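Undergrad: Chain residues, written in single-letter form:
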Amino acid sequence: MSLLEIKNLHASVGGNAILKGVDLTVAAGEVHAIMGPNGSGKSTLAQVLAGRESYEVTEGSVTYDGHDLLDLDPEDRARAGVFLAFQYPVEIPGVSNVYFLRAALNAVRSQRGEDELDPIDFLAYVREKLKVVEMDESFLQRSVNEGFSGGEKKRNEIFQMAVLDPKLAILDETDSGLDIDALKIVAAGVNAMRDPKRSMIVVTHYQRLLEYIVPDRVHVLADGKIVRSGDKSLALELEKKGYAWLEEGVAR
Amino acid sequence: MTRSAAVRTDAPFAGLWDARPAPREPLWLSKLRRQARTTFEAEGLPAAGNEDWRQTSVQPLASIPFEPPPAVEAEAGILDGHPWPDVTAIRIALVDGRVAPALSRRDGLAPGVRVESLAEAITSSGAAIEPHLGRVASVKGHPFAALNTALFEDGVVVSVAAGAVAPPIHVLHQTSAHRRPVALLPRVLIVAEAGARVTVVESFASTGDQLALTSAVTEIVVGENAQVDHVKVQAESDAAWHVAAIAGRVARHGRLASHNVSWGAKLARNDIGAVLEGEGASCHLYGLYLVDGARHVDNHTWLDHAKAHCPSWEMYKGILAGASRAVFNGRIIVREGAQKTDAKQSNKNLILSDGGVVYTRPQLEIYANDVRCTHGATIGRLDEAALFYLRSRGLSARAARDLLIHAFADDVLAKIPHEGTRAAVGAALFARLARDLEG
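Protein sequences, first through last, are from chains Z and H. If you count the first sequence from 1, position 216 lands on 964 in this note's numbering, and the numbers rise without skipping. If you count the second sequence from 1, position 349 lands on 345 in this note's numbering, and the numbers rise without skipping.
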C-alpha cells in the first residue's frame, strides 16, 4: 500500500514555477532516491512536502497515509509522522537541543495519544538515540545547531529523526558538506532506521550517498518533473553519463 | 510667606510644589532641595527641541494637575496585586512613595546591613546620608531628578558596611488607586562600603488603572572592591507615566551590575548609568523592554569612564508589538587618561508587528587614545526559517514563536542574579507578552 502519493504537483516561489507536474508514489517501507541537477526542484519538493509556506502549490495533490497532506500545517505534518532532514539546518541561539527535542517529541507523542515523557525518561530515551549517530551527550546542552560544524549539523538532523521516529523521512542533500567519515556515520544512522513501516525519500545530487544508503527506486528530477525512474542501477548510469545526458533526452 | 505667582499657577507640577509643607530638615538637605528647585525652574520640562528628549514627549505632563498622594495608612491587601511580593526574605515596601513598616520584613539582618526609611534615616543618621544623597545623580539637565530631589518625602536607604555580605533585598514600590492623578517621588540610596556585597531588587507596580506619575531616583555608591547588583522591574499600569534616574559611582575594583526590565506604563523613561571613578572599576548594564499598543519606552544609558583600566559591558534588548515605540541611546564617555578602557555596547530589537518603531543611537565621546569601544544595534523580526524549522519538528506556530522570543530575552534574563527573582520576572514578563500577542 502506498504511504505517499504525489500527483501532478506544481509549485512556485515568488511567482517562479519550480515544480511543473511531479508524480511520485512511495510505498510503506521503501527508500526512494531523487536525483537531479542543481535547480531542478529537488529541495523545493522536499520543502513543499514539509509545508514551507513560502512555496505556493498551484496545482496537483499529495496524499499521505490517507490524508490530504497539503491541507495540513507544518506541525501537523510532523505530528502525523513526516520528517524533513534539512539541507541547511537552522541555528537557534539560546534554545538548547534537549529542550527543543523534548518539546518536539512531546508534541508528536500527544498526537499519537501517548503520554508526555518526563525529563528523566526523556533523557534515557535520547541517550539511546545519540548512539545511532555516534554523538556525545554534550550535544544535548548546546544551542540548536549553533556553532555546529557542517557534519555535526547533519548528524543532529539524523539524531532528531531517530528521536521523533517518523513514518516518512525526507533527507534533503544530507550528504552535502560531509567528509567520507561523517557520511558513513550518517548513512549508518539512516540504515539503522530502515524499517518496513518507515518510508524514506533521499534527495541527493551525487550518487556517492547511494553507495551507503541503497535505494529501492531512483528518480531523476529535471526542470520540475520526474523524467526517468528506475532501480539503483539508474544512479550508476547517471554517475557515468552526467545529467546533461538526461536533459538532452528531455529536449528531444 | 511670599511666593512668586509666576511659578505657581502655570508651572508644571504646581500642585506638588504648593502642597509641600516645610519639614524640619537638616540644613544640608534644605540646600540640596533649593538648588534642585532652582534647576527645575530654570530648565522646565524637556521641550521638543531638547536633544536628549527628542523622541520622547513629556510635555503632556505639564497640563495634568498632579497632587501628592494623600497620607493614609496602607491597606493590608495592597500588595496582593504586585507581580511578585514574596521573592526574598527581606522586603521593604513603599506604598505611594512612603515606607509601609507593617508591609515590610526586616528581621534577621546581619550586623552591618541596614534597610530603612530614608525619611527616618535622615533624622536619625543624617551624617551617614549627607556624603551620598544627591551626590551621585545629577539634577542638572535632568529635570525629573531635580523634581524628585526638591520634593521627595521618603524612600529607602540600603547600606552595607565594609566587608559585609547582605541577603537579597526587595524594595517594592506600589502605587495605590486614587481618584485624582498623583505623583510619586520615591528616592533610594544604596551604599556598599569597601568589599561589601548586595543585591537590591526594585519593582514598581500599580493597583488599578488610573493616571499617575512616578518620578524615581536611585543612587548607588559602590566602594572599593564592593559589588552591587541592582535589578529594576517596572510593571506599572497602562495609564502610568514612569520616569526614573538610576546613577552609580564605582570606586577602584568595585563592580556594579544594573538589570533594567520594563514592560509597564504608558510612557517609561530611564536614565541609567555610572561613573567608573577608580581604576579597575567595572559596570554591566543589562536591559530588557517589552512594549505593545501605543506605549513608549526610552532608555538613555551612560557610562563615564573616568579612570584607566575599566571595562564596561552593555546589552539592551527590546521586544515590540502593536504600534509601540522604543528609544535607546547609549552614551559612553572616555575621559582623558582613561587608557585601556574596554567598553562594549549592544542594542537588539525584535519587532513582532508592522507598527513598531525603534530609535537606537550609540553616542561615543572618546578623549583617550588607547581604548577599545565597540557598539552595535540590530532591529529584526522573528526568523521565518527558524519558525519553520521548529514547526517542522511538531511545535505549534505559537510554541515556536514563544520559544524564539524566550531565547531572545534569555540573554538578559539569565543575568539576573537572584534565582527567585529571575524566575518570577521571567514568568511575569511572558504572561504579559502572551496578553500583548493574544490581544
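Honestly, the hints are just simulated from the structure, not real lab data. Some hints here could point you the wrong way.
One side of the interface only, derived from the structure: several residues of chain H facing chain Z at Cβ under 7 Å [stated by the list, open to error]:
hint, residue
1, G376
2, R377
3, A381
4, A382
5, Y385
6, S388
7, S392
8, R397
9, L399
10, I401
11, D406
The list that follows gives simulated cross-link-like pairs (lysine to aspartate or glutamate, EDC-like), each with its CA atoms no further than 20 Å apart [as the list claims (entries may be wrong)]:
hint, chain 1, residue 1, chain 2, residue 2
12, H, K344, Z, E839
13, H, K344, Z, D869
14, H, K27, H, D48
Given the structure is predicted, the values throughout are model-derived calculations rather than measurements. Positions of the beta carbon are idealized from the N, C-alpha and C atoms, including for glycine.
Undergrad: Each hint should be assessed against the structure and marked as holding or not.
TA: Evaluated hints:
1. G376: Interface hint status for G376 of chain H: violated (13 Å vs cutoff 7 Å).
2. R377: 14 Å, violated
3. A381: Interface hint status for A381 of chain H: holds (5 Å vs cutoff 7 Å).
4. A382: 5 Å, holds
5. Y385: 4 Å, holds
6. S388: For S388 of chain H, the interface hint holds, since the closest Cβ of chain Z sits about 5 Å away, which is under 7 Å.
7. S392: 5 Å, holds
8. R397: 12 Å, violated
9. L399: 6 Å, holds
10. I401: 10 Å, violated
11. D406: Cβ of D406 of chain H sits 5 Å from chain Z, so the hint holds.
12. H:K344 x Z:E839: 18 Å, holds
13. H:K344 x Z:D869: 38 Å, violated
14. H:K27 x H:D48: 27 Å, violated
Comparing the model with each numbered hint stated earlier shows that hints 1, 2, 8, 10, 13 and 14 do not hold.
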